[in-house]
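Heads up: the sequence lines are chains A and B, in that order. Anchor point for the first sequence: position 75 equals 151 in the working numbering, and the numbering is continuous, going up by one each time. Anchor point for the second sequence: position 155 equals 231 in the working numbering, and the numbering is continuous, going up by one each time.
These aren't lab readings, by the way, just hints derived from the structure by calculation. Misleading hints may appear alongside valid ones.
Any copy, or any two copies together, can satisfy a pair, since identical chains are not distinguished.
[What the hints assert, rightly or not] The list that follows gives simulated cross-link-like pairs (lysine-lysine, DSBU-like), each with its CA atoms no further than 30 Å apart: (1) LYS319 x LYS288; (2) LYS133 x LYS319; (3) LYS206 x LYS414; (4) LYS319 x LYS228; (5) LYS288 x LYS324; (6) LYS288 x LYS133; (7) LYS324 x LYS113; (8) LYS320 x LYS113; (9) LYS416 x LYS288; (10) LYS206 x LYS288.
2 protein chains.
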Amino acid sequence: MIIDVHGHYTTAPAALGAWRDLQIAALKDPSLCADPKALRISDDEIRESIETNQLAKMRERGSDLTIFSPRASFMAHHIGDFNTSAAWAAICNELCHRVSQLFPDHFIGAAMLPQSPGVDPRTCIPELRKCVEQYGFVGINLNPDPSGGHWKEPPLTDRWWYPIYEVMVEYDIPAMIHVSTSCNACFHTTGAHYLNADTTAFMQLIQGDLFKDFPTLKFLIPHGGGAVPYHWGRFRGLAQEMKKPLLKDHLLNNVFFDTCVYHQPGIDLLTQVIPVDNILFASEMIGAVRGIDPETGHHYDDTKRYILATPHLTEEQRFKVFEGNARRVFPRLDAALKAKGL
Amino acid sequence: MIIDVHGHYTTAPAALGAWRDLQIAALKDPSLCADPKALRISDDEIRESIETNQLAKMRERGSDLTIFSPRASFMAHHIGDFNTSAAWAAICNELCHRVSQLFPDHFIGAAMLPQSPGVDPRTCIPELRKCVEQYGFVGINLNPDPSGGHWKEPPLTDRWWYPIYEVMVEYDIPAMIHVSTSCNACFHTTGAHYLNADTTAFMQLIQGDLFKDFPTLKFLIPHGGGAVPYHWGRFRGLAQEMKKPLLKDHLLNNVFFDTCVYHQPGIDLLTQVIPVDNILFASEMIGAVRGIDPETGHHYDDTKRYILATPHLTEEQRFKVFEGNARRVFPRLDAALKAKGL
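Working from the sequences, and respecting the hints, build out all of it.
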């Protein structure tokens, strides 16, 4: 079984974007009103948006199940206030839930949180609980920078974030650390802000001792960990200068990396440097990089090919990357699969 | 000949730091005065600070010449105003000049600029000219984020920066894109901000068309290019989505990477992915990571070992990385060496 732990609903029907545009316009023009009930998207529209896109590619590439969350760049937590994000997150999560209901063998949900800059993260807990308890979601996406490229929130090791972590531990769900659109002109969203956030989050975790307070808390760093595996020596050396334990003891019981690295040498480095138990298969398809690599003739984001081709994994290790680790890091996913006899 | 293109004067005598502390204190307390003339550092003090540190390690590791600039994390352009930076940059550059005079066979200067957040970069030009014309410096360090982690300046492709580029082209000197201390609690200076800046700068260059306006302008991205080589497929794919030329045509005539990557797999990836003509030997020694790697028994930042050990370079290619490329990217360095018959 091949589980892709990083997929977003990037292909939602156009009515979703139109509703969001109206919601944003209403922030400035009180005569407008974006009523969530006014948004109508039919099951057929959802089916088509998935069958012709993500599911078609999953069949073509041979993956079975995707952990599916709302489009990351559309979370845009910097827009409006908590109520803006609350309405938007509820809509986006419900759509992912409907995808998982329509295609229960192929998609299972992960939640976007209704974060808003400077707003206490505990305001996100009701939406989080709803997604886990009512929708059967198995993880969340946590945005370390809801300001969208201005980085005004405290580091992830700050007690500011603890209310979220307490609920994650209660449910035994991991968080993918995933920023959204950059509204800072210096940072291209998918070419700089995403990767920077991955690197930044990992370094925050090195500096702190978060997992002393939450020994079972789990974070997934997407996009192959940003710059981290490429600079693994630097990070080991920095931890050493700070008198921290070895990274394998300090962080690797709690921190995992996905395989959204879009060329063979990158995956070769990832699988050489990071222990196999910490690597989870993912493609973030259909996402930032949709084209075909002229050097290979295959899609850049067809990461399964790289995993299959890398010389650093045995068959048993490939099983961990494709399935075993995902079941371990996402226990509610494992339980859902076992309930189906899988 | 082995040329290290990335060294900072991180070991300057303590009087330098004390003067800077006084300068910072004087910003708040007008009764204090930090007069540059009051700073006395003797040649013997400089000699000792270099001979027992950088030069000792250069001899031990077998490198010959270091392009030497003021300590990057101490530039701290976010402190005070232009006058603050102007006085501080003048002092720091003069010290590097004195190092290059005391050890002319082993050090040659690169300039720190007196940048200040929001201040027109053309204010940096007099210091730049002095460093090139009077001190014989061969390059500059350009800080894309003088705010220190808040990223308020326009991207490097903006015309805001053009006055600097015009002078760089006039002198045929490259700029290393190098940020300074982060004053944003989210970003660890050397573990996040430095690497993020490298990635950010490269992505800005992909988005723009700067080298159409400045065909001979040259940038060196330090720390092995941040996340860029590890995600080379992602960057190639993003450029493709933006209908830009292939990266080798779009950027690689003008953009170069150093080898400050502190483990063998990282250097192996760098030398596999990035064309050899774009890789310049560097260690940033003595810098962020000073310890000994328990996995190898050698210093993390002894990058020469990784270059020698990588399977991706022939002897001829190693010559380019160690010497040839530095002479090409820093033409004034080449001229200075030739003037000595080297």
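We went through each hint and held it up to the structure:
{"no.": "1", "hint": "LYS319 x LYS288", "in the structure": "within (15 Å within a copy, 48 Å between copies)"}
{"no.": "2", "hint": "LYS133 x LYS319", "in the structure": "between (46 Å within a copy, 24 Å between copies)"}
{"no.": "3", "hint": "LYS206 x LYS414", "in the structure": "within (22 Å within a copy, 72 Å between copies)"}
{"no.": "4", "hint": "LYS319 x LYS228", "in the structure": "within (28 Å within a copy, 34 Å between copies)"}
{"no.": "5", "hint": "LYS288 x LYS324", "in the structure": "within (14 Å within a copy, 46 Å between copies)"}
{"no.": "6", "hint": "LYS288 x LYS133", "in the structure": "neither (41 Å within a copy, 38 Å between copies)"}
{"no.": "7", "hint": "LYS324 x LYS113", "in the structure": "neither (48 Å within a copy, 50 Å between copies)"}
{"no.": "8", "hint": "LYS320 x LYS113", "in the structure": "neither (51 Å within a copy, 42 Å between copies)"}
{"no.": "9", "hint": "LYS416 x LYS288", "in the structure": "neither (35 Å within a copy, 59 Å between copies)"}
{"no.": "10", "hint": "LYS206 x LYS288", "in the structure": "within (28 Å within a copy, 53 Å between copies)"}
In this structure, the hints that do not hold are numbers 6, 7, 8, 9, in rising order.
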